[in-house]
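J.: So the protein sequences, as listed, match chains U and W.
Mapping of the first sequence onto full-length UniProt numbering: position 70 corresponds to residue 70, and the numbering continues sequentially without gaps.
Mapping of the second sequence onto full-length UniProt numbering: position 160 corresponds to residue 160, and the numbering continues sequentially without gaps.
No lab work stands behind these hints: they were computed from the structure.
Some hints could be false.
[Stated by the list, open to error] Beyond 12 angstroms from chain U on every Cβ pair, some chain W residues (computed):
hint, residue
1, 67
2, 73
3, 78
4, 79
5, 82
6, 111
7, 119
8, 120
9, 121
10, 122
11, 123
12, 124
13, 143
14, 154
15, 155
16, 161
[To be verified] List of simulated lysine-lysine pairs, PhoX-like, C-alpha gap at most 25 angstroms:
hint, chain 1, residue 1, chain 2, residue 2
17, U, 275, W, 93
18, U, 59, W, 94
19, U, 59, U, 444
20, W, 155, U, 59
[What the hints assert, rightly or not] A partial selection of chain U residues facing chain W, derived with a Cβ cut-off under 10 angstroms:
hint, residue
21, 89
22, 277
23, 331
24, 333
From a predicted model like this one, the values you see are computed outputs, not experimental measurements.
By construction, the Cβ of each residue, glycine as well, lies at the ideal position given by its N, Cα and C atoms.
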Amino acid sequence: MNTSRMFVFKPMKSLLTKCTRATVTSGLRRLACTPSSCPRVCIVGGGPAGFYTAQHLLKAHPAIQVDIYERLPIPFGLVRFGVAPDHPEVKNVINTFTQTAQHERCSFHGNVTVGKDVSVEELQQAYHAVVLSYGAEGNRTLGVPGENLSGVYSAKDFVGWYNGLPSNKGLNPDLSSETAVILGQGNVALDVARILLSPLDVLTKTDITQPSLQALAASRVRRVLIVGRRGPLQVACTIKELREMVNLPGNRPDMLSADFQGIAEVLKDLPRPRKRLTELMMKAVQERPAGAPLTSRQWGFRFLRSPVEVLPSPDLTQTAGIRLGINRLEGSGEGARAVPTGETEDVECGMVISSIGYQSLPIDPAVPFDHHKAIIPNAMGRVQQASGLYCSGWVKRGPTGVIATTMNDSFDTARVLIKDMETGVLDVSTVKPGSHTVTPLLQKRGVNPVSFSDWEKIDAEEMKRGTAVGKPREKLLDVTEMLKTAHS
Amino acid sequence: MARCVHLQSLLSGLASRVLFSLSPRVQSGPCLLRVPGGLQSRGFGLYHVLSSTSEGSSLPEDNVTLHFVNQDGVRTTTSVTEGVSLLNVVINKKIDISGFGACDGTLACSTCHLIFEENIFEKMDSLADEEVDMLDLAYGLTKTSRLGCQVCVRKWMDGMTVRVPRDEKMASTRTQ
Chain U
1 MNTSRMFVFK
11 PMKSLLTKCT
21 RATVTSGLRR
31 LACTPSSCPR
41 VCIVGGGPAG
51 FYTAQHLLKA
61 HPAIQVDIYE
71 RLPIPFGLVR
81 FGVAPDHPEV
91 KNVINTFTQT
101 AQHERCSFHG
111 NVTVGKDVSV
121 EELQQAYHAV
131 VLSYGAEGNR
141 TLGVPGENLS
151 GVYSAKDFVG
161 WYNGLPSNKG
171 LNPDLSSETA
181 VILGQGNVAL
191 DVARILLSPL
201 DVLTKTDITQ
211 PSLQALAASR
221 VRRVLIVGRR
231 GPLQVACTIK
241 ELREMVNLPG
251 NRPDMLSADF
261 QGIAEVLKDL
271 PRPRKRLTEL
281 MMKAVQERPA
291 GAPLTSRQWG
301 FRFLRSPVEV
311 LPSPDLTQTA
321 GIRLGINRLE
331 GSGEGARAVP
341 TGETEDVECG
351 MVISSIGYQS
361 LPIDPAVPFD
371 HHKAIIPNAM
381 GRVQQASGLY
391 CSGWVKRGPT
401 GVIATTMNDS
411 FDTARVLIKD
421 METGVLDVST
431 VKPGSHTVTP
441 LLQKRGVNPV
451 SFSDWEKIDA
461 EEMKRGTAVG
471 KPREKLLDVT
481 EMLKTAHS
Chain W
1 MARCVHLQSL
11 LSGLASRVLF
21 SLSPRVQSGP
31 CLLRVPGGLQ
41 SRGFGLYHVL
51 SSTSEGSSLP
61 EDNVTLHFVN
71 QDGVRTTTSV
81 TEGVSLLNVV
91 INKKIDISGF
101 GACDGTLACS
111 TCHLIFEENI
121 FEKMDSLADE
131 EVDMLDLAYG
141 LTKTSRLGCQ
151 VCVRKWMDGM
161 TVRVPRDEKM
171 ASTRTQ
């Protein structure tokens with residue numbers, strides 16, 4: 001395959017260079033870009049929401065110019081830093097994003113922090129519309145005593161650590177205890193549990209970072225409890241992730257059959273997705289083998305429990321356990337509420353991972369922000385009381401849903417924006433300079449943006465390093481090194 | 001310039017598809033064992049590459065007529081070869097369905113969700129758990145929903161109509 005690549009790509013590259021040189025002026029003239037036919041839109045955030053928004057804008061308008069600004073020197077956001085390393089198939093969306101980035105009317109500008117290097121107001125002066133698609137970089141805190149003890153991590157940081165997010169490079173989680181408790185029962189919680197318990201030979205074939213692979217190889221974690229405040233009928237994970245846990249080699253489920261009393265009777269009335277998910281959980285309860293070897297690792301859900309306090313070790317520095325408040329359910333179905341009973345129980349553990357949700361943060365004082373809902377207040381992607389500002393993805397609707405949810409949501413925002421252009425709600429009659437003023441401004445401020453072809457140099461280097469160790473990719477973990485490779 | 005850059009994205013797009021078609025993951029598609037004739041032993045991936053070279057032309061094998069209705073209600077009719085997956089039909093025939101097949105047919109998303117006519121759905125093979133797992137996350141799920149990447153075109157499907165769930169929310173904004 002490598003040989004054919006050389007044959008295909010080398011002539012293509014030279015052909016394209018020649019073509020570009022020859023037609024650069026005539027091409028511009030031919031486009032006859034009158035101010036009204038050349039709307040310029042910029043997107044803040046180079047993750048799935050940003051790329052799907054760009055994809056639809058480019059498809060729906062024949063002349064629109066789209067610039068994507070991203071804080072990191074690399075594109076794709078949570079597809080790279082969130083999707084678990086053992087889910088390479090989900091990362092295939094990168095193929096489509098790459099086609100979007102290489103579109104003639106799209107440019108990627110990495111290594112640009114909007115809100116710091118350039119303000120949203122400055123972007124609004126340079127573009128007809130600004131779409132905020134910067135996701136949810138914060139996480140909800142537990143708000144319980146002991147939260148800051150060593151051994152307590154947010155799932156976001158833990159995921160960022162094994163996925164090579166530069167800011168989580170130094171996390172160095174303590175994997176020396178036997179039991180880990182994960183608070184939250186969504187897909188991120190299950191990803192973390194699976195990475196903690198997966199056989200090493202599975203992980204070595206993925207793009208998990210080498211330092212985390214080494215740490216996991218030395219890990220003593222053998223038991224992972226996944227704790228939720230409500231019951232089995234309210235778990236937030238999806239069935240694919242649960243099935244992976246049930247089928248995880250070298251592991252056995254450790255569930256409590258008492259938690260499932262009365263569940264069989266209500267199964268038939270549940271919608272199909274919830275019914276199948278619950279049936280699979282019950283299968284895991286029944287399959288709990290009495291004489292399973294002690295060597296096997298184990299995982300299990302614990303229901304109707306909320307964290308009350310992280311318990312410290314005698315020297316008050318380390319996590320030694322967690323006190324959980326016992327809840328009862330009020331109401332039923334998806335809307336059931338957890339109500340504390342006042343009783344508690346203590347679970348011994350050396351590690352607590354809080355996976356209770358990501359949270360969007362405000363980006364710039366010029367952009368309205370709903371601190372209660374932690375989203376940008378919007379009506380179908382139009383930012384409220386801010387003409388020319390739009391939003392898509394998690395910052396628009398909150399940090400939930402699978403990638404298809406973000407895709408549809410981003411397409412919706414793009415449709416609304418195009419509609420506003422057509423109806424005149426969004427004024428595109430004036431000439432806007434786009435990156436022609438933003439790039440010099442950034443350079444003046446000492447910021448050196450990374451283009452998509454710069455990213456391709458990083459990509460090639462990472463794949464080269466991966467090949468050397470039998471992995472699909474070995475990620476660069478340091479922004480300075482990324483920039484050095486990009487601008488080499 | 002415009003034409004050349006377009007060529008670049010076209011070529012790189014094609015190259016990435018060819019590379020991905022040859023990857024072992026995609027070969028686990030449902031059409032692998034059912035591809036007719038001598039192509040069978042070459043596997044689904046290679047077959048896809050071969051069929052993509054005949055893109056646009058109407059070869060004698062293109063003998064199954066299919067109708068697609070996209071999320072906006074727009075109907076497209078195409079003739080295809082027996083044995084290809086509906087995902088590949090949409091890609092090769094460039095049927096206009098937004099965001100279709102985001103995971104390249106690896107059963108990791110539900111974006112190739114299609115709704116079938118009842119009489120056709122009843123004649124199809126039963127669904128694997130993994131397909132239902134993904135369908136359960138699909139927008140606008142119906143009793144006759146399938147994932148396009150898991151459905152192989154058969155001669156008896158000639159004339160069928162498959163629909164993408166209608167985007168009700170956006171349809172209402174358009175009429176506002």
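J.: For every hint, state whether the structure bears it out.
T.: Consistency of the hints with the structure:
Against chain U, the non-interface label of residue 67/W holds: every CB pair exceeds 12 angstroms, the least being about 22 angstroms. Under the 12 angstroms C-beta cut-off, the non-interface status given to residue 73/W relative to chain U holds; the minimum distance is some 15 angstroms. Distance check for residue 78/W against chain U: the nearest CB is about 20 angstroms away, which clears 12 angstroms, and the non-interface claim stands. Chain U leaves residue 79/W outside its interface by the beta-carbon criterion, the shortest separation being 25 angstroms against a cut-off of 12 angstroms.
For residue 82/W, the condition that its CB be more than 12 angstroms from all CB atoms of chain U holds, with the nearest at approximately 26 angstroms. With a closest Cβ-Cβ approach of about 5 angstroms to chain U, residue 111/W is found to fall inside the 12 angstroms limit, against its non-interface label. Every CB of chain U is more than 12 angstroms from the CB of residue 119/W (nearest about 22 angstroms), matching its label as outside the interface. Listed as a non-interface residue, residue 120/W keeps its Cβ farther than 12 angstroms from every Cβ of chain U; the least gap is roughly 20 angstroms.
Non-interface status of residue 121/W relative to chain U is upheld: no Cβ of that chain comes within 12 angstroms, the nearest being about 15 angstroms off. Non-interface call for residue 122/W relative to chain U: holds, since the shortest CB-CB distance, roughly 18 angstroms, exceeds 12 angstroms. With a closest Cβ-Cβ approach of about 21 angstroms to chain U, residue 123/W is found to remain outside the 12 angstroms limit, as its non-interface label requires. With 12 angstroms as the threshold on Cβ separation, the claim that residue 124/W sits away from chain U holds: the shortest Cβ distance comes to roughly 18 angstroms.
Taking the minimum C-beta to C-beta distance to chain U, about 9 angstroms, the non-interface status of residue 143/W is violated against the 12 angstroms cut. Non-interface status of residue 154/W relative to chain U is upheld: no Cβ of that chain comes within 12 angstroms, the nearest being about 26 angstroms off. The claim that residue 155/W is not at the interface with chain U holds, since no C-beta of that chain comes within 12 angstroms of its own (minimum 30 angstroms). A cut-off of 12 angstroms between C-beta atoms confirms that residue 161/W is not in contact with chain U; the least separation is 23 angstroms.
A distance of roughly 37 angstroms separates the Cα atoms of residue 275/U and residue 93/W; the hinted pair therefore is violated under the 25 angstroms criterion. A distance of roughly 13 angstroms separates the Cα atoms of residue 59/U and residue 94/W; the hinted pair therefore holds under the 25 angstroms criterion. Between residue 59/U and residue 444/U the alpha-carbon distance is near 34 angstroms, which puts this suggested pair outside the 25 angstroms criterion. A distance of roughly 33 angstroms separates the Cα atoms of residue 155/W and residue 59/U; the hinted pair therefore is violated under the 25 angstroms criterion.
Proximity of residue 89/U to chain W holds as hinted, the smallest CB-CB distance being about 4 angstroms (cut-off 10 angstroms). With a least beta-carbon distance of about 8 angstroms to chain W, the hint placing residue 277/U at the interface is held under the 10 angstroms criterion. For residue 331/U, the suggested interface contact is broken, since its CB lies about 24 angstroms from the closest CB of chain W, more than 10 angstroms. With 10 angstroms as the threshold, the beta carbon of residue 333/U stays out of range of chain W, its nearest partner Cβ sitting at about 17 angstroms, so the hint is violated.
The structure fails hints 6, 13, 17, 19, 20, 23 and 24 (numbered hints given earlier, in ascending order).
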